[in-house]
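Q: Sequence:
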Amino acid sequence: MSHFGHAENPLTDDIVQPFQIDASHLRGRLVRVGPMLDEVLSKHAYPEPVAQLLGETITLAITLAGALKYEGIFTLQTKGDGPISLMVADVTSTGDVRGYAQFDADRLAGADAGAAAPVPALLGTGYLAFTVDQGEHTERYQGIVELNGDTLSECVQHYFRQSEQLDTGIKVAVGRAGAVSGGIWRGGALMLQRLPEDQIQQTLGSDVADDWRRAMVLIGTCTDAELLDPRLPPNDLLFRLFHEDGVRVYTPTELRATCRCSRDRVATVLRSLPREEISELKVNGRVEVTCEFCNSTYTFDDAQLENVYG
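Sequence positions in the sequence shown follow the numbering used here and run 10 to 319.
Since the hints were made in silico from the structure, they are not lab data.
All values reported here derive from a predicted model rather than from experimental measurement.
C-beta atoms are modelled at their ideal positions from N, C-alpha and C, and glycine is treated no differently.
Among the hints, erroneous ones may be present.
[What the hints assert, rightly or not] Cβ pair distances, simulated, as ranges:
1. D31 / S305: 17 to 27 Å
2. D31 / G144: 31 to 41 Å
3. L282 / Q151: 21 to 31 Å
[As the list claims (entries may be wrong)] Restricting the straight-line Cα-Cα distance to at most 27 Å, the calculated cross-link-like pairs of lysine-lysine (DSSO-like) are:
4. K88 / K78
5. K180 / K78
6. K52 / K291
7. K291 / K180
8. K52 / K88
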């Protein structure tokens, strides 16, 4: 933990940077992702609107996971009746990130991809789900809310209002670096939360509601360009926004694009299926299984399938 100017943080990209506003005790996090996000999105040849919205889902998942204390996997998922039927992003407690989307190319071509309200235009009617899985011996937590809002950020804020009764302010930006089409994908997010008033240690003379409104105004002044600019270090951006109220930064979490698929995991799934069903999956005498997240393909011939069942 450090105040600004007391410690240099060498990590400036692909990180979650927790912080606290000293004057109001509001806690938040700043997410800055570049190479990691681009690697996840580049595993598939997604149309631009799909990559954009999946990038926002991944950036939001990282932001929300950073607010939790968990050992395992946090998953953010959308499911709807629009051209993009499913998006999934998950983040492990050690910073491994992956994600994928399912979409109907024909319906997508006829949709208003540049709509100011991408959720109704591209996702349609459906739900947003948050899941925390900490392993087989722990209870799985899941929260579900309707896709209620024009943007994913609005849907998440609706969830916190409805389910958690937590005031939450979120700003998310995703785009390609530079003006040139085909540049690498980048993402950034700012999130602040206000605990229920009985949990807040109020400073003498501090008005909780006024502090919150002021913080929301300051977040509103942050531009998409500032969130995405790799030349603007995260701590410099936080200082620019909150220095008048005192801002304190904590140890950041590093993020990596890492899929958890493996040949052994695929073999375990195959082993759970009836042999007749596996035979029906064969093409040219082989079974091919492709990971939806990272697009890796695992091939099993007859001899290898015998080993699976052996």
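Q: Does each hint hold? Answer for all of them.
A: So, going through the hints one by one against the coordinates:
The hinted window of 17 to 27 Å between D31 and S305 is violated, with their beta carbons roughly 46 Å apart. Checked against the given bound of 31 to 41 Å, the beta carbons of D31 and G144, roughly 37 Å apart, stay inside it. For the hinted restraint 21 to 31 Å between L282 and Q151, the CB-CB distance of approximately 26 Å keeps it satisfied. For the hint linking K88 to K78, the alpha-carbon distance of about 26 Å falls within 27 Å, and the restraint holds.
A distance of roughly 22 Å separates the Cα atoms of K180 and K78; the hinted pair therefore holds under the 27 Å criterion. For the hint pairing K52 with K291, the CA-to-CA distance comes to about 25 Å; that is within 27 Å, so the pair holds. Simply put, K291 and K180 have alpha-carbon atoms about 47 Å apart, too far for the 27 Å limit, and the pair is violated. Between K52 and K88 the alpha-carbon distance is near 21 Å, which keeps this suggested pair within the 27 Å criterion.
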